[in-house]
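Enquirer: Numbered by mature numbering (1 follows the signal peptide of the UniProt record, and there is no 0), the letters in the sequence shown go through residues -21 to -1, 1 to 525 in order.
What the hints contain is simulated information worked out from the structure, not anything from laboratory work. Quick caveat: nothing in here was measured; it's all calculated off a predicted structure. Just so it is clear, CB atoms sit at the ideal spot from N, CA and C, and this is done for glycine as well. Do not take every clue at face value.
To be verified - The list that follows gives simulated cross-link-like pairs (lysine to any residue, SDA-like), each with its CA atoms no further than 20 Å apart: (1) K389 to S434; (2) K310 to S345; (3) K486 to K391; (4) K93 to E173; (5) K391 to E164; (6) K406 to S396; (7) K243 to E173; (8) K86 to D327; (9) K248 to D183; (10) K180 to N253; (11) K457 to K486; (12) K93 to P330; (13) K391 to V213; (14) K391 to Q223; (15) K86 to G120; (16) K457 to G447; (17) K441 to I456; (18) K180 to K86; (19) K324 to A380; (20) K243 to P3; (21) K176 to N156; (22) K486 to G67; (23) K389 to K310; (24) K406 to V418; (25) K176 to E164; (26) K441 to A380; (27) K300 to S434; (28) K432 to K93.
As the list claims (entries may be wrong) - Simulated restraints, written as ranges between beta carbons of each label pair: (29) S469 to N426: 54 to 60 Å; (30) R480 to I145: 42 to 48 Å; (31) R487 to K300: 56 to 62 Å; (32) K300 to D169: 23 to 29 Å; (33) T478 to D329: 33 to 39 Å.
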Amino acid sequence: MFLKWKVVVFYILMTVMDGEANRPNIVFIIADDMGWDDVSFHGSDQIQTPNIDLLAYSGVALERYYSHCVCTPSRAALLTGKFAYVTGMQGYPLTNGEDRALPTIEKILPQYLKEHGYATHLVGKWHVGLSRVEYLPTSRGFDSHFGHRGGYIDYYEYDLLETWNIGDVSGYDLFRNLSFARDVEGYITDVYNEEAKSVIKSHDISKPLFLMVAHNAPHSGNEQAPLQAPREVVRELRHIELPQRRYYAAMVKKLDDSVGDIVKALLEKGILENTIIIFISDNGGITSQAFANYASNWPLRGLKSSPFEGGVRVNGLVWSKNLTQSQHLWKGYMHVVDWLPTLSKAIDIDPPTNIDGIDLWDSIVSNEASKRDVIVEIDDYTGFAYIISGDYKLVTGEVLANYCTYQGNKHKGIAGSGPSYKSSIEKSAVYSVLSRIGVPFLYSDTNLRNEIKISCDVDTSKDLCYPGNGTVCLYNIKEDPCESTDLSTSKPDIVDKLTSRLQLEFKRVIPRTVPHESNLNALPSLHNYTWDVWRSSDGETIPITK
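Using the sequences provided together with the hints, build the complete structure.
Expert: Right, here's the structure in full:
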């Protein structure tokens, strides 16, 4: 009898293990500070992104995908499934000298996946805490991390410069797990690309794979050299009129090439056809102002750090071989917080219940209306908030006016006719891959490009509504996606309704801690000139050993 029960238990365990092994793999690719008008499936003829485009044409482009307007909040929301203001991670992003992080009481996406047998790997940017070991990716559910822990790094030297009260402070920020990666050379987008391919190649297929590739690109580098790309790639793009935009486009091209290489690596590993691929931007592009990279959100209004559409309505798509054959554009509302429950449904695990995210998988697959009825951002550091419900969006509080204008139209110049889009598509890695696995697509899905392309009669000389001093701004963003016509005076009932709903969210806010203060104990010069861990679990400064 005892032997019989051992056999039964063995078969139960084998069934569970086999079920976990058959769960879909997930590859999640994040672009950093990439603008709405910087992917060609949104209609851009200037910057061509054939690999990203083909994932949209053969998967599902997310027409109304939203994120928080800056990087730390958006990444915190992605990982937790909670709006950033509910975890205290809203507002100005983390600096490398801060002792602040995504609270460790929050269970995050890789931890949920590990419980269901996933191998979990992060390549690239972290940016939700680096001062203590328990804040780092390998303490938060990732089996491995190769990348930078802070907001960005130089594309060749891997350092980050901050300006403190004592002056400029610089340190290296490229780590493999807990150790500084001293032996690395090359352009960082290529370095991350090779690491992502290596993770895929060495993956044990008895487990499902979760690979997050959070590129540095196309974020600006240090102030002294903000735009960096290989010279030969820049020269390929001489059809782009302005040199700043040309360098930025080269950064995007290297990112797009990486997407193609990753898809090809999945095919060569034999796991592509059981893989879900997501590509998103973390927030809108930053055309001008601090950390400008000459991205473009045109014709959307506003930049990164702005509550207007250019800061928060961003690029997004989801792909799997069998996702859908009937439509390639989903028009429903989706927010970055929705990925945790949506992916949970896609891989058949129960999502947590105490989150803001909503499972939208069936809505996307079946091309049904979105279950998300409210999108909110509250930034108690800068002092603004916005809420979207139905067709309307309300913006309140104090904004940074220079971040809230229309920008990017002067960066669109093309010298001559530019390269052939058809040729770019047909030479791309994803084109070859899709042809080999028999996935149908239109090489330049004109209908999708025209349908998702936003066209507004933007008058840059027109007086715009800016909230502040008791003024609010209300827009019908379905009819006026470029937020040019304020309706707050003509529709006071909608203002009142959205204000009341927003007040409920204000009651949930965990106040942002003190402004981004840098601690002298974090000085890279005390840690072999790296931005390394400098505080212990109990909050004590780690003694410096030389």
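Enquirer: Is the hinted pair K391 and V213 satisfied, with a Cα-Cα distance of at most 20 Å?
Expert: holds, 16 Å
Enquirer: With the threshold set at 20 Å, check whether the alpha-carbon distance from K243 to E173 stays at or below it.
Expert: With a Cα-Cα distance of about 12 Å, the restraint between K243 and E173 holds, given a limit of 20 Å.
Enquirer: Can the suggested window of 56 to 62 Å be confirmed for the beta-carbon pair R487 and K300?
Expert: Given about 39 Å between the Cβ atoms, the range is violated.
Enquirer: What's the verdict on K93 and P330, does the C-alpha distance respect the 20 Å limit or exceed it?
Expert: holds, 13 Å
Enquirer: Need the status of pair K432, K93: alpha-carbon distance at most 20 Å?
Expert: violated, 38 Å
Enquirer: Regarding the pair K389 and S434, is the alpha-carbon distance no greater than 20 Å?
Expert: holds, 16 Å
Enquirer: For the pair we were handed, K441 and A380, check the Cα-Cα distance against 20 Å.
Expert: At roughly 15 Å apart (the allowed maximum being 20 Å), A380 and K441 satisfy the hint.
Enquirer: Can you confirm whether the C-alpha distance between K391 and Q223 stays at or below 20 Å?
Expert: Between K391 and Q223 the Cα gap is close to 11 Å, so the pair holds against 20 Å.
Enquirer: Decide if the proposed pair is consistent with the structure: K457 and G447, CA atoms, cutoff 20 Å inclusive.
Expert: violated, 24 Å
Enquirer: Straight-line Cα separation of K243 and P3 no greater than 20 Å?
Expert: holds, 17 Å
Enquirer: Given the hinted pair K180 and N253, is their alpha-carbon gap at most 20 Å?
Expert: OK: K180 and N253 at ~15 Å, within 20 Å.
Enquirer: Kindly confirm whether 33 to 39 Å is satisfied by the beta carbon distance between T478 and D329.
Expert: holds, 35 Å
The structure is inconsistent with the numbered hints 3, 4, 5, 11, 16, 18, 19, 23, 27, 28, 29 and 31, although it conforms to all the rest.
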